[in-house]
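Visitor: These are the residues of each chain, in order.
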Amino acid sequence: VVVVGAGIVGAACALYATRAGLEVTVLERRAVGAGTTGAGEGNLLVSDKVAGPELTLALRSMRLWSELADEFGAESLEYERKGAVVVARQVEALAALRELASDQARHGVDSEVVDGPGLRELEPELADGFAGGVLYPGDAQVQPALAAARILRAALDEGAQLRLGREVTGVTLSDGRIGSVTTSDGPIAADFVVNAAGTWAGELARRFGAAIPVMPRRGFILVTEPLPPVIRHKVYSADYVANVASSDAGLETSPVVEGTRSGTVLIGASRERVGFSRTISLPVVRQLAAQAIELFPLLGSINLMRVYLGFRPYCPDHLPIVGADARVPGLLHACGHEGAGIGLAPATGEMIAALLAQRVPSVDDAAFGPSRFAEWAA
Amino acid sequence: MTAFRFDGRDVNFEPGQTVGAALIATGVFSWRTTRRHSRPRGYFCGIGVCFDCLITVEGVPNLQACLVLAEPAMVVASQIGTGHDDLS
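Chains as they are written, first to last, in this note's numbering: chain A, 1 to 378; chain B, 1001 to 1088.
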């Protein structure tokens, strides 16, 4: 099995496939966690997911993350169950949040609805005037590049191989199915290829002759100077859930603010489809900063230290693509997770391993297969 | 001779010199402590990249001593930890 991409998803595919008894080689054109993974925040969230296949996958993944943290040590992943607090200014927005939470609760998501004074207790520095919110104590965070490296290290220790600096250029078929992958440094024999190339998975799939609609959606994250622990959870506004689900190509921002263990405060989240442009957009930075100050007024006197951007692998129906591609027998996709790839990585890797080993996955894979885009590709 | 105030005393500087350069020229090599282990820090990269030389100027913490130009009578102070004890 050749896994293309040494980000978090490729690392998880490698670990679980190795544990399923398969012989795995990971190919990466740059460095471990250098692409989609390293530009993410490391969120492990169920709070922003409506009931459906993605929530089911996310719940399974939360469990696997907790197992990985037990196995490798939480510190080695910077795994932290800080909890998320979704806040609403208006009573109407709070009612919608409450409805979402009760729907999620039927699927096993823990949450607690809090009123205005309750919010103040959870987050003393929050601005005045919020009607209330919902606390999701299970939402967590990892340091994504560190976690990818740690998981990949475990896979290598158990027999997988890693080759860096190898760009995959295509596949060669033999007897109607994959026989090898071609790379910048010669071919490598393979019966199966897993496309875990993150935001570049669309381009890679084209090279395989099996196009899938994975496109870049750009997001900025602002990093403040380190502070004492004044923001305790991941705090975001009710609008964020709506923006995640939107398909608008234009700029969307909604405030997401969280403290980190190192003291810096991370501020997001913006989404815009501008291709792979790496231009820093000052208006977006200003807007994110202004929205964060609306949530936490004390941030008004705090300096930003830096701003970084990343490309989320966006799929038109906001579901990842996980499963075998019938157009190229032997090819499987594990991509298109948009902003949820860190959270969903372990369950994705587990699903890929089950499919490779011809076992029934622990989460129903029907909704994730690439065949749902057959019309798009035609 | 022009000077700024550093931790209550005068530090002389040449026009165009940064706060960090002036401190080093007068033999001060450390002006902050780290957040977790209170270790001493001062100049490291000297070109605005490493954020090791953080200092408090006119009450504003986390400025880079290697980038802030010294000005007459400017009030400069060593920084302890995050420099934001006001928030804890």
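One or more of the hints may lead you astray.
[Said to hold, decoys possible] Facing chain B, a subset of chain A residues (Cβ under 8 Å, in silico): (1) V223; (2) E225; (3) P226; (4) L298.
Keep in mind the hints are simulated off the structure, nothing from the lab. Every residue gets a Cβ at the ideal spot worked out from N, C-alpha and C, and that includes glycine.
Visitor: All hints, please: hold or fail.
Guide: How the hints compare with the structure:
| no. | hint | in the structure |
| --- | --- | --- |
| 1 | V223 | violated, 11 Å |
| 2 | E225 | holds, 4 Å |
| 3 | P226 | holds, 5 Å |
| 4 | L298 | holds, 7 Å |
The structure is inconsistent with hint 1 alone, although it conforms to all the rest.
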